[in-house]
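Can you make the complete structure from the sequences, with help from the hints?
There are 2 protein chains.
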Amino acid sequence: MPKFKAEINVMPLKALLDPQGKAVTGSMKNIGLAEITNVRIGKHISLEVEASSKEAAQKKAEESCKKLLSNPIMEYFELTIEASK
Amino acid sequence: MPKFKAEINVMPLKALLDPQGKAVTGSMKNIGLAEITNVRIGKHISLEVEASSKEAAQKKAEESCKKLLSNPIMEYFELTIEASK
Numbered sequence: 027m028p029k030f031k032a033e034i035n036v037m038p039l040k041a042l043l044d045p046q047g048k049a050v051t052g053s054m055k056n057i058g059l060a061e062i063t064n065v066r067i068g069k070h071i072s073l074e075v076e077a078s079s080k081e082a083a084q085k086k087a088e089e090s091c092k093k094l095l096s097n098p099i100m101e102y103f104e105l106t107i108e109a110s111k
Numbered sequence: 027m028p029k030f031k032a033e034i035n036v037m038p039l040k041a042l043l044d045p046q047g048k049a050v051t052g053s054m055k056n057i058g059l060a061e062i063t064n065v066r067i068g069k070h071i072s073l074e075v076e077a078s079s080k081e082a083a084q085k086k087a088e089e090s091c092k093k094l095l096s097n098p099i100m101e102y103f104e105l106t107i108e109a110s111k
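So the sequences go chain by chain: X and Y.
Residue numbers for the first sequence follow my numbering, beginning at 27 and rising by one.
Residue numbers for the second sequence follow my numbering, beginning at 27 and rising by one.
Some hints here could point you the wrong way.
What the hints assert, rightly or not - Computed spacing ranges between beta-carbons, pair by pair:
1. X:Glu81 x Y:Gly52: 20 to 30 Å
2. Y:Met100 x X:Leu43: 19 to 29 Å
3. X:Gly58 x Y:Leu43: 31 to 41 Å
4. Y:Lys29 x X:Ala109: 27 to 37 Å
5. Y:Lys40 x X:Gln46: 20 to 30 Å
6. Y:Ser79 x X:Glu81: 37 to 47 Å
7. X:Glu33 x Y:Met100: 31 to 41 Å
Claimed, not checked - Covered stretches of chain X (chain Y as the covering partner; in silico rule of three or more C-beta atoms under 8 Å from a C-beta of chain Y):
8. 28-42
9. 49-59
10. 69-78
11. 90-104
In case anyone wonders, no lab produced these hints; they're calculated from the structure.
Heads up, the beta-carbon is just placed ideally off N, CA and C, and yes, glycines get one too.
Okay, here's the thing in structure tokens:
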């Protein structure tokens with residue numbers, strides 16, 4: 027079966043505070059990079075899916091995001107799939 | 027000054043083990059998604075940079091990655107910059 031590569035971002039919902047990001051925004055000033063603001067920090071996940079088609083791979087990857095990788099109360103996810111080299 | 031948006035992935039070096047990713051790969055089996063393998067987990071960071079040009083923004087964002095956001099002993103980073111809407 028062909029393999030597909032998924033790249034997933036799991037980020038804190040825009041409506042929520044992101045304390046880790048806030049702390050890093052503050053640190054930017056201290057290292058002389060005050061031009062950098064609005065830092066938000068989430069997870070990036072890459073994985074491989076074995077599936078018969080790109081659509082099937084997308085479905086499987088979405089399922090993994092919903093069941094395991096993201097917490098919909100606090101996070102949203104973005105997903106891109108491409109054929110694996 | 028114009029604003030730019032940077033999207034940054036900080037991932038564990040490919041030569042290194044990623045225990046968190048390994049654990050999640052194992053969990054995929056338990057939730058009926060054995061087709062998913064090779065999970066690797068890192069950080070995704072989005073931030074805004076105020077700079078005179080895209081090149082200047084890229085430089086500032088790279089500096090922030092090297093000085094604060096990534097640990098080059100264990101991680102590598104990927105960076106994309108675009109004009110902020």
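Status of the given 31 to 41 Å range, CB of methionine 100 of chain Y versus CB of glutamate 33 of chain X: violated, 20 Å
If you look at each residue in the segment 49-59 of chain X, do at least three have a Cβ nearer than 8 Å to any Cβ of chain Y? That given contact holds, which follows from 6 residues of the segment 49-59 of chain X lying within Cβ reach (below 8 Å) of chain Y.
For the pair lysine 29 of chain Y and alanine 109 of chain X, does the Cβ-Cβ distance stay inside 27 to 37 Å? holds, 35 Å
Please verify the coverage claim for the segment 28-42 of chain X: does it have three or more residues whose C-beta sits within 8 Å of some C-beta in chain Y? holds (count 3)
Take a look at whether the Cβ-Cβ distance between serine 79 of chain Y and glutamate 81 of chain X falls inside 37 to 47 Å. holds, 41 Å
Can you tell me whether the CB distance of lysine 40 of chain Y to glutamine 46 of chain X sits inside 20 to 30 Å? holds, 25 Å
Could you see if the CB distance from glutamate 81 of chain X to glycine 52 of chain Y stays within 20 to 30 Å? Taking Cβ atoms as reference, glutamate 81 of chain X and glycine 52 of chain Y lie about 26 Å apart, which means the hint holds.
Just to make sure I understand the rule, a stretch counts as covered if three or more of its residues have a C-beta closer than 8 Å to a C-beta of the chain. Does the segment 90-104 of chain X meet that for chain Y? holds (count 4)
Tell me if the beta carbons of methionine 100 of chain Y and leucine 43 of chain X are separated by a distance inside 19 to 29 Å. holds, 28 Å
Coverage claim, chain Y over the segment 69-78 of chain X, checked by counting residues with Cβ within 8 Å (three needed): holds (count 9)
Given the hint of 31 to 41 Å, is the C-beta distance from glycine 58 of chain X to leucine 43 of chain Y inside that range or not? Holds: the Cβ-Cβ distance is about 35 Å, inside 31 to 41 Å.
When the structure is compared with the earlier hints, a violation turns up for hint 7 alone.
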